[in-house]
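Asker: Please build the complete structure, drawing on both the sequences and the hints.
Each protein sequence line maps, in turn, to chains A and B.
Under our numbering, the first residue of the first sequence is numbered 110, with each subsequent residue one higher.
Under our numbering, the first residue of the second sequence is numbered 2, with each subsequent residue one higher.
Hints listed in this document are in silico derivations from the structure and should not be mistaken for laboratory results.
These numbers were taken from a predicted model, which means no experiment stands behind them.
A short list of chain A residues far from chain B (calculated; beta carbon distances all over 10 angstroms):
#, residue
1, P117
2, H162
3, R177
4, S178
5, N179
FRET-style restraints, in silico, Cβ to Cβ:
#, chain 1, residue 1, chain 2, residue 2, range
6, A, R126, B, S54, 45 to 55 angstroms
7, A, S192, B, I19, 36 to 46 angstroms
8, A, T164, B, S41, 24 to 34 angstroms
9, A, D147, B, Q2, 10 to 20 angstroms
Quick partial rundown of chain B residues pointing at chain A, CB under 10 angstroms, derived from the structure:
#, residue
10, V5
11, Y33
12, Y37
13, R42
14, K43
15, L89
16, G95
17, Y99
18, G100
19, T103
20, F104
21, Q106
Note that the Cβ used here is the ideal one computed from N, Cα and C, for glycine as well.
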Amino acid sequence: DAEITQSPRHKITETGRQVTLACHQTWNHNNMFWYRQDLGHGLRLIHYSYGVHDTNKGEVSDGYSVSRSNTEDLPLTLESAASSQTSVYFCASSEDRVSPLHFGNGTRLTVT
Amino acid sequence: QKEVEQDPGPLSVPEGAIVSLNCTYSNSAFQYFMWYRQYSRKGPELLMYTYSSGNKEDGRFTAQVDKSSKYISLFIRDSQPSDSATYLCASDAGGTSYGKLTFGQGTILTVHP
Numbered sequence: 110d111a112e113i114t115q116s117p118r119h120k121i122t123e124t125g126r127q128v129t130l131a132c133h134q135t136w137n138h139n140n141m142f143w144y145r146q147d148l149g150h151g152l153r154l155i156h157y158s159y160g161v162h163d164t165n166k167g168e169v170s171d172g173y174s175v176s177r178s179n180t181e182d183l184p185l186t187l188e189s190a191a192s193s194q195t196s197v198y199f200c201a202s203s204e205d206r207v208s209p210l211h212f213g214n215g216t217r218l219t220v221t
Numbered sequence: 002q003k004e005v006e007q008d009p010g011p012l013s014v015p016e017g018a019i020v021s022l023n024c025t026y027s028n029s030a031f032q033y034f035m036w037y038r039q040y041s042r043k044g045p046e047l048l049m050y051t052y053s054s055g056n057k058e059d060g061r062f063t064a065q066v067d068k069s070s071k072y073i074s075l076f077i078r079d080s081q082p083s084d085s086a087t088y089l090c091a092s093d094a095g096g097t098s099y100g101k102l103t104f105g106q107g108t109i110l111t112v113h114p
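Answerer: Right under this line is the structure:
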């Protein structure tokens, strides 16, 4: 079955380190998204992509970057991890711009 | 004021009850409305997806959108213990803003046997 997978499921890193979270989908969806989920803030959009080589900033993009070199993957990079980036990160994808988003099961990131 | 407001609950009901979950929103540009269910340590799972005003039914679930009052509802009939989860409403303006979902805070629901 087609699916969206995130790795790792859990990650602990130190302040200042570069971290990359992986997102891979096998639906061949054009659109991919990264959200973070925090108590008191809900889910907020970090970055998104409408296709290969397309990337856009979301509501909370500072300190994060993405690149889209193929249809299946949208890795999220924290350039220099900060404690404020401790969160649960969700990747999502959708087929076209009128379809709903489908989410992965998340990566729980702790920055110490 | 948040663009999407949702009563966080928690909400506790007996098995078999009808559950009503509600959200209000303030952005008139929102065109697409979603309900997601999220189990602990899992990602949001799409339950219902509607465009503009109206009702949509899928099994025990009914979603209602009233754009005139900016009100979104999800009804669960014959609730089951397996329905115990956090329910998230979300809205999207579509078009050039497609995929920029605005979520409510989530309502924690417990259905006890």
